[in-house]
Amino acid sequence: MQSTAHSFSANVAAALADPNLQDSLAKLKVGFSERRRQAAERLPEFEALRDRARDIKNHTLANLDFYLEEFERKVTALGGHVHWAPTAADARRIIADLCKSVGARTIAKSKSMVSEEIGLNEHLESIGVEPVETDLGEYIIQLRHEPPSHIIAPAVHLTKDQVADTFFEHHKKLGFTKRLTERNDLVAEARYVLRQKFIDADVGLNGANFLVAETGSSMLVTNEGNADLSNTLPRMQIVLASIEKVIPTLEDAAVLLRVLARSATGQESSAYTSLNTGPKRDGDLDGPSSYHVVILDNGRSSVLGTKMQDMLRCIRCGACMNHCPVYGAIGGHAYGWVYPGPIGAVLTPQLIGVEEAGNLPNASTFCGRCESVCPVRIPLPSLMRHWREREFERHLTPRPVRQGLALWAFFARRPKLYRRATALANRLLALFGRADGRYRSLPLAGGWTRFRDFPAPQRGGTFHAQWTRHGGTRTKP
Amino acid sequence: MNAGRSQILDGIRRSLRRGELSGDARNEVEQRLAAPPRGPEVARAQLDPSGKVALFCQWAEANNATVARVAAADVPAEVTSYLARNNLPARAAMAPSSQLDRYDWASQKMLSLRKGRAEASDQVSITGAFAGIAETGTLVMASGPEHPVTLNLLPDTHIVVLSEADIVAGYEDVWARLRARYGKSRMPRTVNTITGPSRTGDIEQAIELGAHGPRRMHIVVVRD
Chain A
1 MQSTAHSFSA NVAAALADPN LQDSLAKLKV GFSERRRQAA ERLPEFEALR
51 DRARDIKNHT LANLDFYLEE FERKVTALGG HVHWAPTAAD ARRIIADLCK
101 SVGARTIAKS KSMVSEEIGL NEHLESIGVE PVETDLGEYI IQLRHEPPSH
151 IIAPAVHLTK DQVADTFFEH HKKLGFTKRL TERNDLVAEA RYVLRQKFID
201 ADVGLNGANF LVAETGSSML VTNEGNADLS NTLPRMQIVL ASIEKVIPTL
251 EDAAVLLRVL ARSATGQESS AYTSLNTGPK RDGDLDGPSS YHVVILDNGR
301 SSVLGTKMQD MLRCIRCGAC MNHCPVYGAI GGHAYGWVYP GPIGAVLTPQ
351 LIGVEEAGNL PNASTFCGRC ESVCPVRIPL PSLMRHWRER EFERHLTPRP
401 VRQGLALWAF FARRPKLYRR ATALANRLLA LFGRADGRYR SLPLAGGWTR
451 FRDFPAPQRG GTFHAQWTRH GGTRTKP
Chain B
1 MNAGRSQILD GIRRSLRRGE LSGDARNEVE QRLAAPPRGP EVARAQLDPS
51 GKVALFCQWA EANNATVARV AAADVPAEVT SYLARNNLPA RAAMAPSSQL
101 DRYDWASQKM LSLRKGRAEA SDQVSITGAF AGIAETGTLV MASGPEHPVT
151 LNLLPDTHIV VLSEADIVAG YEDVWARLRA RYGKSRMPRT VNTITGPSRT
201 GDIEQAIELG AHGPRRMHIV VVRD
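Chain order of the listed sequences is A and B. Per the numbering used here, residue 1 is the first one in the first sequence, and the count goes up by one each step. Per the numbering used here, residue 1 is the first one in the second sequence, and the count goes up by one each step.
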């Protein structure tokens with residue numbers, strides 16, 4: 001997927017000015033996060049499960065080569081095939097070759113963020129294979145030629161009316177001439193159209209939430225059942241998964257499934273979890289006759305053993321973006337690439353470079369909500385801070401910011417001067433009036449006050465001044 | 001292909017600053033695979049058998065399935081009655097399983113059954129289940145000649161016959177049963193765990209049932 005992460009600031013301005021997007025985001029703020037809170041409260045073991053989930057992922061990452069080889073051994077023993085793709089181009093080529101080997105004309109896809117990451121659909125179209133997205137949200141945005149705006153709810157940025165317009169426009173040629181207005185009718189129409197696509201597809205392609213090393217199974221969680229149809233009806237199943245999706249055993253899967261659904265949608269369990277192991281067996285009446293797993297690295301292995309390794313624990317639940325005030329204001333498209341929100345601000349610079357995406361981690365107040373809800377306890381603010389440091393080191397930070405930081409650093413290294421300057425600033429700001437407790441506009445701070453108010457300094461002088469006046473003690477650092 | 005394989009595995013080892021796992025480190029992970037440690041136990045499902053059945057039914061209903069608890073002799077009548085109550089045709093595709101053959105289907109003169117996989121035109125399917133999970137009201141389906149996967153997915157209405165004895169506390173008990181039945185590390189081609197009918201929240205986050213899989217799921221829990 002072509003990135004627009006470099007024009008993050010412009011994307012943000014456009015997102016804030018989009019009324020449909022702002023309507024949709026207002027619903028997101030009360031939906032997922034409230035349901036997650038209730039689900040977590042219903043399960044007393046939830047925090048212990050999160051600790052365990054983190055430990056399982058850490059253990060796996062420390063032994064990743066072993067578990068991947070074990071997974072491969074099990075898949076092969078049951079007649080499946082494992083393909084190794086160091087880069088996105090390798091993965092595209094492997095999948096294209098598999099499609100050609102069965103003369104595939106259409107493939108039924110179930111939602112896969114990794115397939116977005118490698119730009120699979122464009123590639124398949126270029127070789128004459130039609131990819132059909134079957135997850136309802138993915139189907140909607142495929143018709144609209146848009147990228148997903150959320151990792152588990154790809155069309156969350158759209159209103160029902162926009163979906164109605166999209167279906168009306170695209171389903172006309174299939175004989176649906178009425179513009180629908182009810183949600184259940186829209187779902188029913190998509191079901192009807194896509195059912196035939198499942199039946200006609202030569203290949204089913206899906207991602208994986210987990211690859212289980214113990215059994216050689218790919219594990220996939222959905223609510224719609226689309227993944228299950230796509231890995232049952234077509235004659236070839238292809239699973240596309242990145243290296244960090246492997247986990248040791250079924251017991252580990254049980255722990256991760258319990259935190260995944262609750263963190264993602266607040267459900268006790270998603271409707272469907274399917275485990276596929278190899279192609280169909282002798283005597284089976286349905287199922288694919290061949291089973292392929294494509295394992296993608298795409299830069300992940302180089303993160304192992306570094307300070308940034310924690311990002312590989314991610315199980316793609318979306319909780320960090322559901323709880324992020326920045327995502328809640330700008331939605332997913334503004335981030336400019338496949339993975340939005342806090343995890344996107346951490347993954348994207350790693351996967352496509354600090355030069356392209358170094359600005360994403362700046363869009364955070366480090367409020368810490370993402371870390372507080374992450375089911376595998378990824379320290380997202382620390383990882384974003386790390387990227388800010390890399391951006392600064394590489395002189396990619398814009399000049400006004402660098403100058404501002406240099407100015408601040410000058411004062412910060414001279415405490416006496418710092419105190420005098422802040423006391424002066426405090427008095428100066430008071431001149432602009434602080435009756436409301438906030439400023440709607442301030443000289444030299446237009447960039448801040450254009451979108452939000454600037455808080456007025458408290459009465460009674462700076463913190464240091466008040467501390468001294470109240471007889472607070474000091475210790476030498 | 002092998003070049004890609006060693007590129008990835010060598011890359012991982014280089015980053016982890018070690019070679020291929022060996023010695024004690026390798027023994028340790030092999031041990032962990034051989035005897036998988038369980039995660040924290042979910043207390044709410046640690047109940048006696050009748051408690052598990054009740055919890056299963058409660059969560060299945062919370063997840064939009066309907067549940068009927070009947071004696072073995074009444075299973076076919078319950079199926080016919082459910083279809084009539086919901087204005088559905090008395091015609092179904094049924095799993096060719098010995099589990100279901102125990103019931104006296106011939107007693108239902110109006111019910112027409114076809115054994116095999118599901119076809120696109122089938123409106124109703126009847127299957128057994130490998131297990132039920134009390135913790136979340138989840139059904140577990142193991143594929144095989146006696147249980148084609150399409151029966152779980154294609155028809156609008158899925159009727160599942162589940163014995164009380166097959167209701168267990170959590171996933172961990174299902175894994176133990178799968179290993180006992182199919183052998184350690186030898187899974188059936190497909191294991192579907194299913195919690196209620198198919199659903200989507202992809203339009204404005206409002207839940208709609210029947211996205212791709214069944215719109216209705218009826219679970220007939222058979223008393224021991």
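Don't take every hint at face value.
Said to hold, decoys possible - Simulated DEER-style distance windows between Cβ atoms:
hint, chain 1, residue 1, chain 2, residue 2, range
1, A, Arg419, B, Ala43, 51 to 61 Å
2, A, Arg281, B, Arg26, 50 to 60 Å
3, A, Pro455, B, Asp10, 48 to 58 Å
4, A, Asp51, B, Arg14, 45 to 55 Å
5, B, Ala43, A, Glu393, 29 to 39 Å
6, A, Glu130, B, Asp101, 35 to 45 Å
7, B, Asp224, A, Phe168, 26 to 36 Å
8, A, Arg195, B, Arg186, 31 to 41 Å
9, A, Arg281, B, Ala71, 31 to 41 Å
10, A, Lys307, B, Arg26, 38 to 48 Å
11, A, Asp202, B, Asp101, 28 to 38 Å
Said to hold, decoys possible - Partial pick of chain B residues on the chain A-facing surface, computed with a CB cut under 10 Å:
hint, residue
12, Arg5
13, Gln7
14, Leu9
15, Gly39
16, Arg85
17, Pro89
18, Pro188
To be verified - Here are some of the chain A residues that sit facing chain B, going by a computed Cβ distance under 7 Å:
hint, residue
19, His6
20, Thr181
21, Arg183
22, Glu393
23, Thr397
FYI, nobody ran anything at the bench for these hints, they're computed from the structure. Positions of the beta carbon are idealized from the N, C-alpha and C atoms, including for glycine.
Hint check results:
1. For Arg419 (chain A) and Ala43 (chain B), the Cβ-Cβ distance of about 55 Å falls inside the hinted range of 51 to 61 Å, so the restraint holds.
2. Restraint check, Arg281 (chain A) to Arg26 (chain B): a C-beta distance of roughly 32 Å breaks the suggested window 50 to 60 Å.
3. Taken as a hint, the range 48 to 58 Å holds for the pair Pro455 (chain A) and Asp10 (chain B), whose Cβ atoms sit roughly 53 Å apart.
4. Take Asp51 (chain A) and Arg14 (chain B): their Cβ atoms lie about 30 Å apart, and the range 45 to 55 Å is violated.
5. For the pair Ala43 (chain B) and Glu393 (chain A), the supplied restraint of 29 to 39 Å is violated, since their beta-carbon distance comes to about 49 Å.
6. With their beta carbons about 43 Å apart, Glu130 (chain A) and Asp101 (chain B) fall inside the hinted range of 35 to 45 Å.
7. Distance hint check for Asp224 (chain B) and Phe168 (chain A): the Cβ-Cβ separation is about 54 Å, which falls outside the suggested range of 26 to 36 Å.
8. For the pair Arg195 (chain A) and Arg186 (chain B), the beta carbons lie near 33 Å from each other, so the given range of 31 to 41 Å is met.
9. A hinted range of 31 to 41 Å holds for the C-beta pair Arg281 (chain A) and Ala71 (chain B), which are about 35 Å apart.
10. Under the hint 38 to 48 Å, the C-beta atoms of Lys307 (chain A) and Arg26 (chain B), about 27 Å apart, miss the expected range.
11. Hint check: Asp202 (chain A) to Asp101 (chain B), Cβ distance near 36 Å, so the stated range 28 to 38 Å holds.
12. Checking Arg5 (chain B) against chain A by beta carbon gives a least distance of about 4 Å; that is within 10 Å, so the hint holds.
13. About 5 Å separates the beta-carbon of Gln7 (chain B) from the nearest beta-carbon of chain A, less than 10 Å, and the hint is met.
14. Residue-level restraint check for Leu9 (chain B) holds (minimum Cβ-Cβ distance to chain A is 5 Å; threshold 10 Å).
15. Because the closest C-beta pair between Gly39 (chain B) and chain A is about 4 Å apart, less than 10 Å, the hint holds.
16. Proximity of Arg85 (chain B) to chain A is violated relative to the hint, the smallest CB-CB distance being about 21 Å (cut-off 10 Å).
17. The closest approach between the C-beta of Pro89 (chain B) and any C-beta of chain A is roughly 19 Å, which is over the 10 Å cut-off, so the hint fails.
18. At its closest, the beta carbon of Pro188 (chain B) sits 7 Å from a beta carbon of chain A; the interface hint therefore holds under the 10 Å criterion.
19. Annotation: His6 (chain A) was flagged as interfacial toward chain B, and the flag is violated, the nearest CB pair being 27 Å apart, outside 7 Å.
20. With 7 Å as the threshold, the beta carbon of Thr181 (chain A) stays out of range of chain B, its nearest partner Cβ sitting at about 12 Å, so the hint is violated.
21. Evaluation of the Arg183 (chain A) hint against chain B yields a held restraint, the C-beta minimum of about 5 Å falling below 7 Å.
22. Using the Cβ-Cβ criterion of 7 Å, the hint placing Glu393 (chain A) at the interface with chain B is not satisfied: the shortest such distance is roughly 21 Å.
23. About 28 Å separates the beta-carbon of Thr397 (chain A) from the nearest beta-carbon of chain B, more than 7 Å, and the hint is not met.
Comparing the model with each earlier hint shows violations of hints 2, 4, 5, 7, 10, 16, 17, 19, 20, 22, 23; every other hint is respected.
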